[in-house]
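Colleague: We have chain P already, so just place chain A on it with the hints.
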Amino acid sequence: MISNSVNLQEKAHWVWRETLEIHRRAPETRIASSLSPIEIFVALYYGGVLRIDPTNPRWIERDRCVISKGHGSICMYPILADLGFFPAEELQRVCKAGGILGGIPDPIIPGYETINGSLGHGLGVASGMALGLKRNGGRQSVFVVSGDGELHEGANWEAIMFASQHKLDNLHLIVDNNSISMLGFTDDIVSHDGLAKRLEAFGWQCVDVDGHNVLDLQSQLLNLKADLNGRPKALIARTLKGRGVPGLENEALAHILMPKADLLDSLLDADDAR
Amino acid sequence: MLVKPRAMRDALLEQIHRAMASDPSIFFVTADFGSPVLDRIRADHANRFVNVGIAEQNLINISAGLALEGYKVFAYAIAPFITMRCFEQIRVSLALLSEVRPMNVNLIGVGAGYSYVVSGPTHQCYEDITLMRALPNFQVMSPADHITAGMLFDRCVRELGPKYLRLDAQVLPPIYAEAAPKLADGFHVHRREGSICIVATGYMLHTAFAVAERLRGSGQTVGIIDLFDLTRFSRDRLRDELSRYQTIVSMEEGFAGRGGLDALLYNFIGHNAIDVKLLNIGVEGGYRFELGTRAELHEQVGIGPDVVTRRILDFSKSSPSFKNDQR
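Which chain is which? The protein sequence lines are P and A, in order.
Quick note on numbering: the first sequence equals residues 1 to 274 in the working numbering.
Quick note on numbering: the second sequence equals residues 1 to 327 in the working numbering.
This is chain P alone, in the form it adopts within the complex (with noise of 0.2 angstroms):
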């Protein structure tokens, strides 16, 4: 099992440098995107809330983390391969013919569930494993990575009503809301104002939480996922999109914006000499 003790705030700044040097050897892959989620897979990952096998991916009592915000999940490249469920080797072919890890993660990858990059799937998905495991009497939870842009997706929203009107506590749905899709902010596009609110009047339970405290994410994690209370869960957690990269951190086009290699280059001395 994991380890509850790794120091979770070092991890997530790890994982964060990790993943900048990906995005530096493939600069193909999509960066802003990947960067807003990392403390929210950092806590799932190594926070004990997940409970998984790397040694064993499909392991049938696991925790089934459905990670469907595409592009946008390349920080797991790092943590899959610290966590074992493949060689670290393959962090160098990103992208590179013979590889497995592409600029949108396959379930070809180890300790990945479903089919990711096409958006606003892995919910509907999600539930129907939540749904499954529920009338199969199994204890496993059901956990969802989403970000807020792909709830523009109807069928998201076909399947929110669906989870509460079959009480799946098991299910966990977790917003990366970092509040920018391709084009901009999605305030000026189709607005998620209030979306714990909405998400309630849907009959889920929601907590609304600062996306970069990998404490408090690990801490409600545990809670929600404790918490059979006949109600999915969602956690709505607020992000940075392109988090700790100037010119990209927050900037409306950040998804498409790609920093140059010797910004990168700059950022990850000085992280060096931290």
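These are computed hints drawn from the structure, not numbers from a lab.
Be aware that one or more of the hints could be misleading.
[Claimed, not checked] What follows is a list of derived Cβ distance ranges for each label pair:
hint, chain 1, residue 1, chain 2, residue 2, range
1, P, Gly117, A, Pro5, 42 to 48 angstroms
2, A, Leu160, P, Gly117, 19 to 25 angstroms
3, P, Leu222, A, His271, 36 to 42 angstroms
4, P, Val6, A, Arg18, 51 to 57 angstroms
5, P, Met182, A, Pro5, 51 to 57 angstroms
6, A, Glu88, P, Ala201, 26 to 32 angstroms
7, P, Val6, A, Leu183, 41 to 47 angstroms
8, P, Arg25, A, Leu183, 50 to 56 angstroms
9, A, Ser218, P, Gly117, 53 to 59 angstroms
[Claimed, not checked] Facing chain P, a subset of chain A residues (Cβ under 10 angstroms, in silico):
hint, residue
10, Phe27
11, Arg48
12, Gly53
13, Gln57
14, Asn61
15, Ser93
16, Pro136
We treat Cβ as the ideally placed atom computed from N, Cα and C, and that holds for glycine.
Modeller: Just chain A now, with coordinates in the frame of chain P:
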């Protein structure tokens, strides 16, 4: 043997209902679409039945999730909606994902072609063969009667992978009352005579028999093949069958020249270098809003027995036998 005509869906659902009693891994999901047999599934197996509401996108994703948890899933809805409303969910969550995570999901679409006669083009379905066979790992099956539809259950429950069953909404006369078709062949030869062979699927098999009767009146005999499995039919056997003829007539209750049965046969005949001419019978003239009986609508769009008979006779006259010309 007297076999009462039945709806295809009832024959299939009855098999599912029966099997659910002994196989706890079968799960049934519907998008608010019913039938009397479905009521029995809901009553007797409530723990493995879910109505997702009028939400086909969710129907597919829920089905995928259930299948990932090991269930054999049957998903049930009106044909155009379970294929086209949610095509991207089908592509991503079923077709793509099942390449990595083998799963058993069976889409049952009711309302092939013009089955929903008076409901108009939203409920009619002339594109599904094209779309579903474009997904390379999908099995697409199109039975012509309830006996074949019921038989397909075994295939569905036994074999992993995504499948689409295209069922007629109307009660059609049984074709296979005497002897069931061989599922492994994927097609059944009803008549083997003359120089022209009609290859039909679904409801159009019934039209093929009507056309054959009319042609007989004009002194013309034809072969008839029911191609009920559009993806797994025996290539060798079908090649041997088609090679007997000089002209092949494809008949489908779907748009002509848009990638359906006609394209399937063009490709098959070309690939196997079978020396025949091909006449495609399918819906002509695009989307239409005329009202009428199914028989009347079929004549209007070029797939009714009268118009098809004329077209075959004209085709025979205007294109003398290719093989004879060669000799």
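Colleague: Each of the hints needs a verdict: does it hold here or not?
Modeller: Each hint tested on the structure:
A hinted range of 42 to 48 angstroms holds for the C-beta pair glycine 117(P) and proline 5(A), which are about 47 angstroms apart. The supplied range of 19 to 25 angstroms is met by leucine 160(A) and glycine 117(P), whose beta-carbon atoms lie about 23 angstroms from each other. Evaluation of the 36 to 42 angstroms hint for leucine 222(P) and histidine 271(A) yields a failure: the beta carbon distance comes to about 59 angstroms. A hinted range of 51 to 57 angstroms for the beta carbons of valine 6(P) and arginine 18(A) is consistent with their spacing of about 53 angstroms.
For methionine 182(P) paired with proline 5(A), a C-beta distance near 54 angstroms keeps the hint of 51 to 57 angstroms intact. One distance hint, 26 to 32 angstroms for the beta-carbon pair glutamate 88(A) and alanine 201(P), holds here, with the actual separation near 27 angstroms. For the pair valine 6(P) and leucine 183(A), the supplied restraint of 41 to 47 angstroms is violated, since their beta-carbon distance comes to about 56 angstroms. Between arginine 25(P) and leucine 183(A) the C-beta distance comes to about 52 angstroms, which sits within the given range of 50 to 56 angstroms.
Checked against the hint of 53 to 59 angstroms, the pair serine 218(A) and glycine 117(P) passes, with Cβ atoms roughly 57 angstroms apart. A cut of 10 angstroms between beta carbons decides the hint on phenylalanine 27(A): the least distance to chain P is about 7 angstroms, and the hint holds. Here the hint on arginine 48(A) is kept, as its CB sits about 7 angstroms from the closest CB of chain P, short of 10 angstroms. Taken as an interface hint, glycine 53(A) checks out: its beta carbon lies about 8 angstroms from the nearest beta carbon of chain P, inside 10 angstroms.
A distance limit of 10 angstroms between C-beta atoms decides the matter here; for glutamine 57(A) the minimum to chain P is near 4 angstroms, and the interface restraint holds. A hinted interface residue such as asparagine 61(A) counts as satisfied when its beta carbon comes closer than 10 angstroms to some beta carbon of chain P; here the least separation is about 3 angstroms, so the hint holds. Below 10 angstroms, beta-carbon pairs count as interface contacts, and serine 93(A) has one with chain P at about 5 angstroms; its hint therefore holds. The beta carbon of proline 136(A) comes no nearer than 15 angstroms to any beta carbon in chain P, farther than 10 angstroms, and the hint placing it at the interface is violated.
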